[in-house]
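A.B. asks: Whole structure, please, built from the sequences with the hints as guidance.
The lines below spell out each chain.
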Amino acid sequence: MTLFLGLRNDDSLMKAYARGEARAFNELYSRHKDGLYRFLLRASPSQTIAEDLAQETWASVIKRASAYEAKGYFKTWLYTVARHKLIDLLRSQSHKIQTQVQSDTEVEERVVSHDNEALSELNVHRLLEKIKQLPAEQREAFVLKEEGFSLAEISSITHVEQETVKSRIRYARTRLRNDLGISKEVVS
Amino acid sequence: MSTKEDKTLSQLYQQAENPKSPEKVDNYVLALAEQEAENMRPSRFGPQTVAAVASACVLVLAVSFVFNNPSEDLQRNTTPAAYQPQFEQESAPAVRLQAKPVSSPVTSSAKGQALSPRSPDTITEAKAETETHDPRTEMDTSRAYDIGGAASLHEESVEEAVTESRTSTMSTLERQDNNNAVRHLKKSAKQALSDDNAATEVSPANVVSMPLRMSPPPREKQKLDTVELEHIEALLEQKKYAEASAQFTRFKERYPTLLDTPRIRSIIETLATHSTQDK
Numbered sequence: 001m002t003l004f005l006g007l008r009n010d011d012s013l014m015k016a017y018a019r020g021e022a023r024a025f026n027e028l029y030s031r032h033k034d035g036l037y038r039f040l041l042r043a044s045p046s047q048t049i050a051e052d053l054a055q056e057t058w059a060s061v062i063k064r065a066s067a068y069e070a071k072g073y074f075k076t077w078l079y080t081v082a083r084h085k086l087i088d089l090l091r092s093q094s095h096k097i098q099t100q101v102q103s104d105t106e107v108e109e110r111v112v113s114h115d116n117e118a119l120s121e122l123n124v125h126r127l128l129e130k131i132k133q134l135p136a137e138q139r140e141a142f143v144l145k146e147e148g149f150s151l152a153e154i155s156s157i158t159h160v161e162q163e164t165v166k167s168r169i170r171y172a173r174t175r176l177r178n179d180l181g182i183s184k185e186v187v188s
Numbered sequence: 001m002s003t004k005e006d007k008t009l010s011q012l013y014q015q016a017e018n019p020k021s022p023e024k025v026d027n028y029v030l031a032l033a034e035q036e037a038e039n040m041r042p043s044r045f046g047p048q049t050v051a052a053v054a055s056a057c058v059l060v061l062a063v064s065f066v067f068n069n070p071s072e073d074l075q076r077n078t079t080p081a082a083y084q085p086q087f088e089q090e091s092a093p094a095v096r097l098q099a100k101p102v103s104s105p106v107t108s109s110a111k112g113q114a115l116s117p118r119s120p121d122t123i124t125e126a127k128a129e130t131e132t133h134d135p136r137t138e139m140d141t142s143r144a145y146d147i148g149g150a151a152s153l154h155e156e157s158v159e160e161a162v163t164e165s166r167t168s169t170m171s172t173l174e175r176q177d178n179n180n181a182v183r184h185l186k187k188s189a190k191q192a193l194s195d196d197n198a199a200t201e202v203s204p205a206n207v208v209s210m211p212l213r214m215s216p217p218p219r220e221k222q223k224l225d226t227v228e229l230e231h232i233e234a235l236l237e238q239k240k241y242a243e244a245s246a247q248f249t250r251f252k253e254r255y256p257t258l259l260d261t262p263r264i265r266s267i268i269e270t271l272a273t274h275s276t277q278d279k
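Read top to bottom, the protein sequences are chains L and Z.
For what it's worth, this note's numbering labels the leading residue of the first sequence as 1, then goes sequentially.
For what it's worth, this note's numbering labels the leading residue of the second sequence as 1, then goes sequentially.
Listed below are the simulated DSS-like cross-link pairs for lysine-lysine, each with C-alpha atoms no more than 25 Å apart in a straight line: (1) Z:K20 to L:K130; (2) L:K33 to Z:K20; (3) L:K15 to L:K33; (4) L:K75 to Z:K20; (5) Z:K24 to L:K33; (6) L:K85 to L:K132; (7) L:K85 to Z:K20; (8) L:K63 to L:K85; (9) L:K75 to Z:K24; (10) Z:K24 to L:K63; (11) L:K132 to Z:K20; (12) Z:K20 to L:K63; (13) L:K33 to L:K132; (14) Z:K24 to L:K85.
With the Cβ distance kept under 7 Å, some of the chain Z side facing chain L (calculated, not the full set): (15) L12; (16) Y13; (17) Q15; (18) A16; (19) P19; (20) S21; (21) P22; (22) V25; (23) Y28; (24) L32; (25) E34; (26) E36; (27) A37; (28) M40; (29) R41.
From the derived model, a few chain L residues whose C-beta atoms are all more than 10 Å from chain Z: (30) R8; (31) D11; (32) I49; (33) Y73; (34) K75; (35) V81; (36) H84; (37) K85; (38) I87; (39) D88; (40) L90.
Think of the hints as simulated: they come from the structure by calculation, not from any bench.
Think of the CB as a built atom: it goes at the ideal place given N, C-alpha and C, for glycine as much as any other residue.
C.D. replies: The structure is reproduced here in structure tokens:
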């Protein structure tokens, strides 16, 4: 039975769960829980907020299961729900978040790497910090792109044109590159 | 933006620790999902289930109606002769007409017994000679059969057995007091019939569902006991306590499992009372 559940697509599992099959939801959850949590962790100011958002997102999915229509990809719908939760939270706690982000910001230290040290652990840590300092639109576009979504899917999730998505990603990359001191000469 | 730059940033991003969903979130979400699944599950007593149960009930009622009201032809074919009213009146004379003169050799001891005044022992022994079944085996066998379902068969079997018993016993007892023996057997047969009629009201449905097998009559053995018990009771009435006690001792040895009945307890009490008085 578990094998068959593994072969079913997300929409089918969601429909099965809407009929009361709890195991279908378990399969669905195991597929997307880590990716969604990672997205929320990267896009939200803190881990606590990411956990709350993940919990609220899945609760919302459960509540809406009976009304779910298999029109598109479940994953896109799931991340759309999560993004709405994130935006709601950012709007309601904007001042708190700003303070928290500022306190976490360290003095920028421009590291110019001339070899593979650019991929060091330090840079990874700094990258994650810099991602949090990006504007929300650029941050979510960049993180979604890095999580494997296509431009069309990001466009669907964020409700903007694909060109807009592409621009946001480009701005985000440029800023991150500058912040991390990764120059074209170094990479090439 | 160049592809190489994208690759570098993506490599950095992928090298970052991939956090797993926290366990507390997993537990909460899965518990909530399970709870909601219970609510979303369609009821087991939906319209389809109700319809299935209703149709099953109708089917059962129809089957029971058919088996409780068989057609007249079926009733006529399956009603045993034992239920015909003239059977009881005609059966006793028929036995007398079927009785054949003694043709089997009679031993001197048997003759001696035959010439002596008839005792219940004689009757019982004579019956035992005619019986081909071991009473204990018979009893065990009768337990294996469905007594409730074969009530009417018991009645028939009792009749047949009594008739056979009469016929064969008559040859031995003819020199004895024929009238007394026949009266005894008739009495026991009638009692068997009345007992069976009272105990089991045989419906045509039972007759239809009656298995076609020749079971040894379970009541037959009880009739033999009854004859002996009647004799013991007669002796007690005649105040022949010693003889009754001896007779009852033999009865107990023969049927040790049949002592726990009100009738036998009454005999035991009577014997105990009078033995105490004698002392």
